[in-house]
Structure formats: structure tokens, C-alpha cells
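Enquirer: Note that the protein sequences, when read in sequence, are chains R and U. 140 is the number that UniProt numbering gives to position 140 of the first sequence; each next residue is one higher, with no gaps. 130 is the number that UniProt numbering gives to position 130 of the second sequence; each next residue is one higher, with no gaps.
Everything labelled a hint here was simulated from the structure, so no lab data went into it. Any given hint might turn out to be false.
All copies of an identical chain are treated as equivalent in the list; a pair is satisfied when it fits inside any one copy or across any two copies.
[Said to hold, decoys possible] Below, in silico cross-link-like pairs of lysine-lysine (PhoX-like), each with a Cα-Cα straight-line distance of 25 angstroms or less: (1) 278 x 294; (2) 194 x 39; (3) 6 x 153; (4) 194 x 294; (5) 164 x 194; (6) 153 x 294; (7) 153 x 296; (8) 285 x 296; (9) 5 x 153.
Number of protein chains: 2
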Amino acid sequence: MSLPKKVEIVEVGPRDGLQNEANFIPTDEKIAFINAISKTGIKRVETTSFVHPQFVPQMRDAQEVFAGIHQDPSIQYIALIPNEKGYERALASNVQAFSLVVGASETFNLHNVRMGREESIRVLDRIIAKAKGNDSFIRYCIATSFWCPFEGKVDPAIVLEMVKRAEALGVDEIAICDTIGRANPKQVFEIFEKVMAINTQAVISAHFHDTYGLALANVMAALQAGVTRFDASVGGLGGCPFAPGAAGNVATEDVVFMLHEMGIETGIDVSALLSCVKQIQAFTKREFTGHIHKVKALQTT
Amino acid sequence: MSLPKKVEIVEVGPRDGLQNEANFIPTDEKIAFINAISKTGIKRVETTSFVHPQFVPQMRDAQEVFAGIHQDPSIQYIALIPNEKGYERALASNVQAFSLVVGASETFNLHNVRMGREESIRVLDRIIAKAKGNDSFIRYCIATSFWCPFEGKVDPAIVLEMVKRAEALGVDEIAICDTIGRANPKQVFEIFEKVMAINTQAVISAHFHDTYGLALANVMAALQAGVTRFDASVGGLGGCPFAPGAAGNVATEDVVFMLHEMGIETGIDVSALLSCVKQIQAFTKREFTGHIHKVKALQTT
Numbered sequence: 001m002s003l004p005k006k007v008e009i010v011e012v013g014p015r016d017g018l019q020n021e022a023n024f025i026p027t028d029e030k031i032a033f034i035n036a037i038s039k040t041g042i043k044r045v046e047t048t049s050f051v052h053p054q055f056v057p058q059m060r061d062a063q064e065v066f067a068g069i070h071q072d073p074s075i076q077y078i079a080l081i082p083n084e085k086g087y088e089r090a091l092a093s094n095v096q097a098f099s100l101v102v103g104a105s106e107t108f109n110l111h112n113v114r115m116g117r118e119e120s121i122r123v124l125d126r127i128i129a130k131a132k133g134n135d136s137f138i139r140y141c142i143a144t145s146f147w148c149p150f151e152g153k154v155d156p157a158i159v160l161e162m163v164k165r166a167e168a169l170g171v172d173e174i175a176i177c178d179t180i181g182r183a184n185p186k187q188v189f190e191i192f193e194k195v196m197a198i199n200t201q202a203v204i205s206a207h208f209h210d211t212y213g214l215a216l217a218n219v220m221a222a223l224q225a226g227v228t229r230f231d232a233s234v235g236g237l238g239g240c241p242f243a244p245g246a247a248g249n250v251a252t253e254d255v256v257f258m259l260h261e262m263g264i265e266t267g268i269d270v271s272a273l274l275s276c277v278k279q280i281q282a283f284t285k286r287e288f289t290g291h292i293h294k295v296k297a298l299q300t301t
Numbered sequence: 001m002s003l004p005k006k007v008e009i010v011e012v013g014p015r016d017g018l019q020n021e022a023n024f025i026p027t028d029e030k031i032a033f034i035n036a037i038s039k040t041g042i043k044r045v046e047t048t049s050f051v052h053p054q055f056v057p058q059m060r061d062a063q064e065v066f067a068g069i070h071q072d073p074s075i076q077y078i079a080l081i082p083n084e085k086g087y088e089r090a091l092a093s094n095v096q097a098f099s100l101v102v103g104a105s106e107t108f109n110l111h112n113v114r115m116g117r118e119e120s121i122r123v124l125d126r127i128i129a130k131a132k133g134n135d136s137f138i139r140y141c142i143a144t145s146f147w148c149p150f151e152g153k154v155d156p157a158i159v160l161e162m163v164k165r166a167e168a169l170g171v172d173e174i175a176i177c178d179t180i181g182r183a184n185p186k187q188v189f190e191i192f193e194k195v196m197a198i199n200t201q202a203v204i205s206a207h208f209h210d211t212y213g214l215a216l217a218n219v220m221a222a223l224q225a226g227v228t229r230f231d232a233s234v235g236g237l238g239g240c241p242f243a244p245g246a247a248g249n250v251a252t253e254d255v256v257f258m259l260h261e262m263g264i265e266t267g268i269d270v271s272a273l274l275s276c277v278k279q280i281q282a283f284t285k286r287e288f289t290g291h292i293h294k295v296k297a298l299q300t301t
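Kindly produce the complete structure, drawing on both the sequences and the hints.
Expert: Encoded structure:
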């Protein structure tokens, strides 16, 4: 079993996680949550989303959150932007690392950003051109890369084509996302084997949700295909407001625990992550889908 | 990624699962549960345990359960026995397939059956000699093959030695068990790779619990090492009364779903399994650790 020695985590809890919480989390608590994450050893955090407040009310305080967090210079603070307007707002907030999203599935993309896939890609092309002019970091997320909640299984050829197009634009990172948590480890291995063979300059990352309980098995499959960067959210926060039935992201502390148990370095402190789980659970007041925060007398190696 | 075409499931819910339920499940309900499992396509069921009622009161009706179930001739109904007295009681109940258990860890074995490991092995030797005289099926379970709740990580050399000794006795199946759900996929792959290399006549099976959320990832690792038989329990029932902190077994419906998604045959009907989850949940009245029974609008391929 071939595994990497080191893995990097992108914490997406404050964005992909919190955007699904029904009750508004006070801005100060979001800021405190991101500040606590900054002390776990995590070096990349998706902090918020400059999306229209009407569509994702939880993120209506994007500007205040981004301005309010204590920015550790060793950490990359990323913001998601759905369109050019979001880009302008994020730029005004001094964001330097952007997550852009487009769905591999046409129908999902229409639900997610009310544009067809090709139109979305063209919008992103324009944003990328501007952002590169500003020397910004671009993370290009391909949503529903495995399954679409509306169309079913996604043709891997579409994802490969999108990876090649993003690479040609010179993006820094390409995230292959199982937005609804429906992929299986064999499918994950097969797609990532093909994606890794493209040998992009952009770092490839993997994004899993745990709807069917397969997220950690999918992380294993992606690791075996050579992936060394993973999105995850503290506690397993998350879901997708535009993907019916999607459960939370794979829990950061579960991924980090599994990696450490296998001798893979992350630079992240599991007990600090567990404190972050408690901190955000005080506001969400619901059961999280992560596993190890429920273990009594947790033993870590 | 090399995977088998076909996998066999041993349903251990009625035994390993129910033995951990605090409230006594009425005998008729246990019988109805096993009869329902018999209609899912599962061909091997661990039905009960002929253990001393003082130690596992939930199993005090072993005789009535075994006598009461409708025995489908295409299904193997297994009973666990901890010692010679249990063997005699099971034999009197016309049991023809036996699960024997011994811990790879000395301390766990003392807690589990109040005997040292070597003494346990000698007791099992005598039972196996008798049972083989009766042409019975013997399943030899090596508990705490990866981690012991008292001693920590278990030396794989002990497990390999125990596998060789069991094989020399001519047992039919050897189950390598992660009794507390603490193994990681790398460890699982490495141990099973060595166990499979022994090339036993006995079928090797893998038994995982989901304490740290790694059970399905561990199933994947064992599959990749060549294992084609897995223990699982409906809903993720289970734990271990003598292993503090252990969560339920990997959920049968989660394993079967994952296998089917990857095109691996099991002969088992996922929706029939989900009915079994509902059936037993009506009595246990608690959340199960399995995943797919919680998915709204479950899509299966």
C-alpha cells in the first residue's frame, strides 16, 4: 500500500461547514472559530464566502469575518467567490486567495450559481485573468465531480477536460469535489489516477462529504492515487444548500487522526481540533457526523 | 486497485450486536430479527452466544433463540461458545457451526473469558477436537488482533502464530478481529497481507468495529489484501462488554452498499437490510452508528 509521508489539510468548516447551519452564527463566534483553527497547525483555511446574502444568508457577514480574524502570516486565508461581483467584494476586503467553484454537472451548476457550466467557466476565466494580475492564489473547485444529485453519475471525461482547462489558465490548485458524498473508493481511485496522470502544475486536492459513510475510505483511495491535499471540516460540519441530501464534509479530526495513525505527518494537533469541535458545537447545537470527537478516553499515537 | 468480484458477509448483529444492549430484547424479537436477516440474502449468521448468563445476561436465552428460529437450509447459523460447558450446551441445542474466541492480547483474554491466552487456546484445542469428531463447522476468532484496550498495539507476530496454530487444527474459518475498532487501514493491509500469505485452508475473515470511524476504510484495506469474507452487524449494532470504549460493528448495510457501488457482488438486498435496522431499532431505541440507514431518499445502484 503506497502512501505519502506528508499531507496538507484545507479546513473548509468556516465556509462549506457553516453555510449549511440553519441558525445564524454570530460574526464574533465565526471569527473566534477561525482564530482557534489557526492555532491547530492547519495552514490553509476557507474562511467565508462572498456570495449574495439572499442565497446564503449565513455568509452575509463575509466582509466582517474576513476583516475581523487575526491573520497569522504563516496561514493562507481563502474566501470563496461565486462570480465577478463576489470577486470585487472579496478584493475590497483584501482577500488574496480565492476559491472558485463550477459544477461538472450542468444541472447542479444551474442550481448552485444559476448559470450553465460553460457560462460559469467563462465567468471564472475572466476572474482568473484579473486575479492573476493581482498575483492572487486561485483554488479551482470542480463540484459534483463524481455524482450529481440531479443527474446521477458524472462522466469522468468531463472532469478530466475541466482539469485540463483550469490547468491551462494557470490556477494554483484544483479541488476535485464529491459534493454530495456519493462517490465510492474504487471510483475515487480511478478518477484521481487519471487526474494525477495529467501531471498538473496546480496542486490537486480532494474534497469528500460523508453522506454514505464512505468519506474516510475515499480519502484512503485518493491517497493511494497520489493525492496529498484534502479538504475537511472540523467536526464534520457541512452539507450543501443546493445539493439535497448531502451530509457534512469529512471531519478534519477524523482525517488527521487516521493519517497520524498511519504515520503520515500533517503538522496538526488533534486535541486542538477537538477543542474547535466543542467551540462550534456550542452554537450549532446539533450532533456532528465526525467520529473521533465522540470517543470517550480517546487514545492518540 | 485490485478488488475481488464477490464478497461474503457474516452477520454478527444478533450476537456481537445484541450482547451489548443494556435492556433485554425479548426472545421472540431476537428470533424475528434472525428470521428477517435470513430473508436478506445473507448466508451466514452468528445467532447467539452460549455464554454464562451471569456474564452476558442478554444471551441467557441462547437455547430458546436457537430452537426458535426458522432454519433456512441454505443458511449457516453459527453460535458463539466461550468454553467447554458452552460447547456442550450448544451441542444439546443442535448447533452445528461454532464461533470460538481467543484474544491475541493476554489482558483482554483475561477480561473476556477469565483465562490466560495459552489456557484459552488449550481449551479451544479440546473443543475443536470434539467438534471435528461431530463434523461441525469451526470459526476461530482472534480477538484484539490489532489493538488491546488494556495493552495497546498488538504485535502482529502473535496473530500470525495464532493463525498458524488454528490452521494446524483444521478449523474452517479464521476471523481476524479489531475488537475495539482501533486499527488503521495501513495496519490492516499489512497484517492481512501477511495472514493471506500463509495460504490457509481455512477461510480468512475480517471483523471491524467503527469506534474511530475507520471501519469502512479498514474493509477497503482488507479487500485490497485479498480478504473476501467480512463480519458486519445490521445498523452497526454492537460494542464489546469487556472492551471499554468499543463502538458497534461496521454496519452490514454500509458494507454491502459500498461493495455494490464498486460492482462487487454479495447476493444481499440492501433494502431488506434497512428493514432489519428498523425492526431492531424499535427495541433498542437508540441511534445506531451505521450511515446509510440515515440517508433520506437513498439511491442504490
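Enquirer: Hint by hint, note whether the structure agrees.
Expert: Against the structure, the hints:
no.: 1; hint: 278 x 294; verdict: both (11 angstroms within a copy, 23 angstroms between copies)
no.: 2; hint: 194 x 39; verdict: neither (36 angstroms within a copy, 41 angstroms between copies)
no.: 3; hint: 6 x 153; verdict: between (31 angstroms within a copy, 23 angstroms between copies)
no.: 4; hint: 194 x 294; verdict: neither (36 angstroms within a copy, 32 angstroms between copies)
no.: 5; hint: 164 x 194; verdict: within (11 angstroms within a copy, 41 angstroms between copies)
no.: 6; hint: 153 x 294; verdict: between (33 angstroms within a copy, 21 angstroms between copies)
no.: 7; hint: 153 x 296; verdict: between (38 angstroms within a copy, 18 angstroms between copies)
no.: 8; hint: 285 x 296; verdict: both (19 angstroms within a copy, 21 angstroms between copies)
no.: 9; hint: 5 x 153; verdict: between (32 angstroms within a copy, 21 angstroms between copies)
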